[in-house]
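2 protein chains.
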Amino acid sequence: MLGLDISERMLSKAKELSVDSTIVYRLEDLEQLELSPNTYDLAYSSLTLHYIERLSQLLKTIYQSLKSGGHFIFSSEHPIYTAPMEPGWSVAKDGRKSWPINNYQTEGRRVTDWLVKGVVKQHRTLGTYLNMLIKQGFIIKHVEEWGPTRQEIIENPSLDEEIERPMILLVSIQKPDRK
Amino acid sequence: MLGLDISERMLSKAKELSVDSTIVYRLEDLEQLELSPNTYDLAYSSLTLHYIERLSQLLKTIYQSLKSGGHFIFSSEHPIYTAPMEPGWSVAKDGRKSWPINNYQTEGRRVTDWLVKGVVKQHRTLGTYLNMLIKQGFIIKHVEEWGPTRQEIIENPSLDEEIERPMILLVSIQKPDRK
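Listed in order, the protein sequences are those of chains A and X.
The first sequence begins at 1 in this note's numbering and counts up one residue at a time.
The second sequence begins at 1 in this note's numbering and counts up one residue at a time.
Hints were generated in silico from the structure; no laboratory data involved.
One thing to keep in mind: the hints can contain errors.
As the list makes no split between identical chains, a pair holds if one copy fits it or if it spans any two.
[Stated by the list, open to error] Cross-link-like lysine-lysine pairs, in silico, DSS-like; alpha carbons within 27 Å at most: (1) Lys93 <-> Lys117; (2) Lys117 <-> Lys135; (3) Lys117 <-> Lys97; (4) Lys135 <-> Lys67; (5) Lys13 <-> Lys93; (6) Lys117 <-> Lys13; (7) Lys121 <-> Lys135; (8) Lys13 <-> Lys135; (9) Lys60 <-> Lys141.
Predicted, not measured: the structure shown is a model, and the values here were computed from it.
Make a model of the complete structure from these sequences and hints.
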């Protein structure tokens, strides 16, 4: 098992929290990643792909590193969430929230403030994500535009606004099984 | 070749415009459609599926009616377009248009006025469309969230606003080839 991050501090934190001493942690920039081919059963990426500029190169690397029939699962910020140039809620007089979308078709750089100022993201349409995966040879298995259940809202009322628009996209894909 | 519509007048118009006398036109309600199995090479549906309540039943009928390796291509209103309870542009002081989204996760009935008052549509998330197709056995080949090219906007300036959010979804899927 191989764990990758671009941050030394995140890797230290991961090692500290880890319960499995066989996990190898490695400092890597996913823009430059190289992996040995036909090696892994599963690749998993959490909320990172919307930062990657050379995404098709990374998808190629992941595809080649998977064994036949291997899976790739990732979450990213949803294109509805990354599209607006100045993202934010609009609140009507009755308190009802909406998420104004613009520039959905204009892919590329978005700059927002999150923890620090000037965080750079890459907006891509949902079609672009899926078609890049299909072009690479992956089979689309499941597309989840995450939203909270009623029970989750009861337990955590601030999740309520997530009913209005998806913030997170989760995709499950597979390398064809040629065995 | 078989052409279906629920409207007698649309079928008359189709026959009138038709250049191929071998096309069979039939009055059908897609909510109740039956087709002979393993018969067709291609199914095509234009801007209709967002009206269908029993969509998984219809997808099953289409899947079964296709030959091995047969294709299904459809357009529908995009979930970003069907989500809001009261759809419409919001215009900022600088004239910039946005499309406020709400209730994206609340699937089901939407009532809007289009040609006549009180047109009923069914909102589904993009994930739901794709997962229904995958569950039925289809392979996702291409997902297009249509937007205009620069050239198309030059030729037809009113298409400009379509940059801000997709109105139309086009999906190309295939029944696995078991030959």
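Legend entry - Alpha-carbon proximity context of Lys13 and Lys135, limit 27 Å: For Lys13 and Lys135, neither the intra-copy (36 Å) nor the inter-copy (39 Å) Cα distance is at most 27 Å.
Legend entry - Alpha-carbon proximity context of Lys117 and Lys135, limit 27 Å: Classified as neither; 35 Å inside a copy, 43 Å across copies.
Inset, instruction - Up to 27 Å between alpha-carbons, please classify Lys135 paired with Lys67: within, between, both or neither. - result: both (18 Å within a copy, 24 Å between copies)
Legend entry - Intra- versus inter-subunit Cα pairing at 27 Å for Lys93 with Lys117: For Lys93 and Lys117, the Cα distance is within 27 Å only across copies (26 Å; inside one copy 30 Å).
Inset, instruction - Go through the copies and call it for Lys117 and Lys13: within, between, both or neither, with a Cα cutoff of 27 Å. - result: Within. Shortest intra-copy distance 23 Å satisfies the 27 Å Cα cut-off; inter-copy 59 Å does not.
Inset, instruction - Measure nothing new, just compare the shortest in-copy and cross-copy C-alpha distances for Lys121 and Lys135 to 27 Å and report within, between, both or neither. - result: Within one copy only: 23 Å inside a chain, 33 Å across chains, cut-off 27 Å.
Legend entry - Intra/inter-copy verdict for Lys13 and Lys93 if alpha-carbon distance must be at most 27 Å: neither (44 Å within a copy, 46 Å between copies)
Legend entry - Identical-chain pair category, Lys117 with Lys97, by Cα at 27 Å: both (25 Å within a copy, 26 Å between copies)
Legend entry - Within, between, both or neither: Lys60, Lys141 at alpha-carbon 27 Å: both (18 Å within a copy, 18 Å between copies)
Going through the hint list in order, the structure does not satisfy hints 2, 5 and 8.
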